[in-house]
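Trainee: For reference, the chains in residue letters:
2 protein chains.
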Amino acid sequence: MSIITIERKVLEKNDEIAAQNRALLARHGIFAFNLVSSPGSGKTSLLERTFDHFGGAVKAAVIEGDVQTDLDAQRVAKFNVPTVQIVTAGGCHLEANLVRDALKNLDLSSVKLLVIENVGNLVCPSNYDLGETMKVVVASTTEGDDKPLKYPAMFRNASVMIVNKIDLLPYINCNIRELRANALRINPALRIFETSCATGAGIPEWCAWIREQL
Amino acid sequence: MSIITIERKVLEKNDEIAAQNRALLARHGIFAFNLVSSPGSGKTSLLERTFDHFGGAVKAAVIEGDVQTDLDAQRVAKFNVPTVQIVTAGGCHLEANLVRDALKNLDLSSVKLLVIENVGNLVCPSNYDLGETMKVVVASTTEGDDKPLKYPAMFRNASVMIVNKIDLLPYINCNIRELRANALRINPALRIFETSCATGAGIPEWCAWIREQL
Numbered sequence: 306m307s308i309i310t311i312e313r314k315v316l317e318k319n320d321e322i323a324a325q326n327r328a329l330l331a332r333h334g335i336f337a338f339n340l341v342s343s344p345g346s347g348k349t350s351l352l353e354r355t356f357d358h359f360g361g362a363v364k365a366a367v368i369e370g371d372v373q374t375d376l377d378a379q380r381v382a383k384f385n386v387p388t389v390q391i392v393t394a395g396g397c398h399l400e401a402n403l404v405r406d407a408l409k410n411l412d413l414s415s416v417k418l419l420v421i422e423n424v425g426n427l428v429c430p431s432n433y434d435l436g437e438t439m440k441v442v443v444a445s446t447t448e449g450d451d452k453p454l455k456y457p458a459m460f461r462n463a464s465v466m467i468v469n470k471i472d473l474l475p476y477i478n479c480n481i482r483e484l485r486a487n488a489l490r491i492n493p494a495l496r497i498f499e500t501s502c503a504t505g506a507g508i509p510e511w512c513a514w515i516r517e518q519l
Numbered sequence: 306m307s308i309i310t311i312e313r314k315v316l317e318k319n320d321e322i323a324a325q326n327r328a329l330l331a332r333h334g335i336f337a338f339n340l341v342s343s344p345g346s347g348k349t350s351l352l353e354r355t356f357d358h359f360g361g362a363v364k365a366a367v368i369e370g371d372v373q374t375d376l377d378a379q380r381v382a383k384f385n386v387p388t389v390q391i392v393t394a395g396g397c398h399l400e401a402n403l404v405r406d407a408l409k410n411l412d413l414s415s416v417k418l419l420v421i422e423n424v425g426n427l428v429c430p431s432n433y434d435l436g437e438t439m440k441v442v443v444a445s446t447t448e449g450d451d452k453p454l455k456y457p458a459m460f461r462n463a464s465v466m467i468v469n470k471i472d473l474l475p476y477i478n479c480n481i482r483e484l485r486a487n488a489l490r491i492n493p494a495l496r497i498f499e500t501s502c503a504t505g506a507g508i509p510e511w512c513a514w515i516r517e518q519l
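Here the protein sequences come in this chain order: A and B.
So the first sequence is numbered by the numbering used here: it starts at 306 and just counts up by one.
So the second sequence is numbered by the numbering used here: it starts at 306 and just counts up by one.
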């Protein structure tokens, strides 16, 4: 019982800091999404494609969350996007206080779009509000069409689902209609995009949607 | 600080129960592996292929761990393998006490091989000993070749890595030599198998290895 109480206190404290982050981002008119998925679903590839599409026309910044290494930050920084790396050193999700500290390293007055790339984990990050405008969940076709049913919290808490790696559909056993239906069963309000970071399919639609939010 | 202390207490308690599980399994001469991976890497498909290959010749049992649903247990049970489902209801990993309770529902005297399929999560399950003989980590080629570097704890704590979905290598950007090298950099003692649950490639070698362990 004591553990549950402490967990709740941790979450309450987290939510308090998340609210402060949210107010700070709102003051600067920044649209911020918390990008979540399993490991290897293509979060970083999606960011590469997105920044390549924008070609510097959107003032963006990235906070990268990783258990170890700054490999993802290196990939994103190539697009001349200010990037702050958080290494959780074993931690399975980002928390609001880590994002708060990362925000201090960005010049928010020159940012319109902030992407917080979370640790690759389809379970734990769903519980932690970071102060983002919304969560965007990436689901790779290669993970199968049952994932929204098996990991419902993440799909319930997200506002957008990106079905990535659609170029692989001919080679795998994944019914994309079933995947969409399963996701909408969990969260009927989910906005869905279908993309391939290998071919670029769906990237213009996704980027047009981001522009609408700015 | 208090949280760290409590975390440690939780882990100490977990390790105590895990040791009891391990002793119980040893008494029955059971080889048990804790099957871990990201969501959708193919853990359940690997079990289907494995039990299909054995065709009932190996006395097996399965404990299925899932955040929600018994979809995986239904798939495994089709092979007439005694299966106990643990639904963690949001929990991001199995713990030793859950496995202890599940073991009470199995007739251990008629089991030689026990598979504990963990929650799909490449971070949290690495910290929790369940009493298994060893951890087996599944890495899908579609997740990319950098995963051992980015999620090192799991690859360090595993004894075996199964590189799954090798049939998709012609269509994706994954260098399997690099994946193997990255994994061995983290854990030089790792035993590696390459499999495809779509084509059956590598399954005989993997099953032969299991037989050697029994």
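Just so you know, these hints were derived from the structure itself, not from any lab.
Treat the hints with caution; some may be incorrect.
Because identical chains cannot be distinguished in the list, a pair is counted as satisfied if it fits within a single copy or across any two copies.
Said to hold, decoys possible - Capping the alpha-carbon separation at 20 Å, the derived lysine to any residue pairs in SDA-like fashion look like this:
#, residue 1, residue 2
1, K314, G396
2, K318, V465
3, K383, V315
4, K318, G360
5, K417, V465
6, K409, T438
7, K383, D451
Trainee: Hint by hint, say whether it matches the structure.
Mentor: Hints and how they fare:
no. : hint           : in the structure
1   : K314 with G396 : both (18 Å within a copy, 18 Å between copies)
2   : K318 with V465 : neither (26 Å within a copy, 40 Å between copies)
3   : K383 with V315 : neither (36 Å within a copy, 42 Å between copies)
4   : K318 with G360 : neither (38 Å within a copy, 53 Å between copies)
5   : K417 with V465 : within (19 Å within a copy, 45 Å between copies)
6   : K409 with T438 : within (18 Å within a copy, 46 Å between copies)
7   : K383 with D451 : between (35 Å within a copy, 18 Å between copies)
Checked against the numbered hints given earlier, this structure breaks hints 2, 3 and 4; the rest are met.
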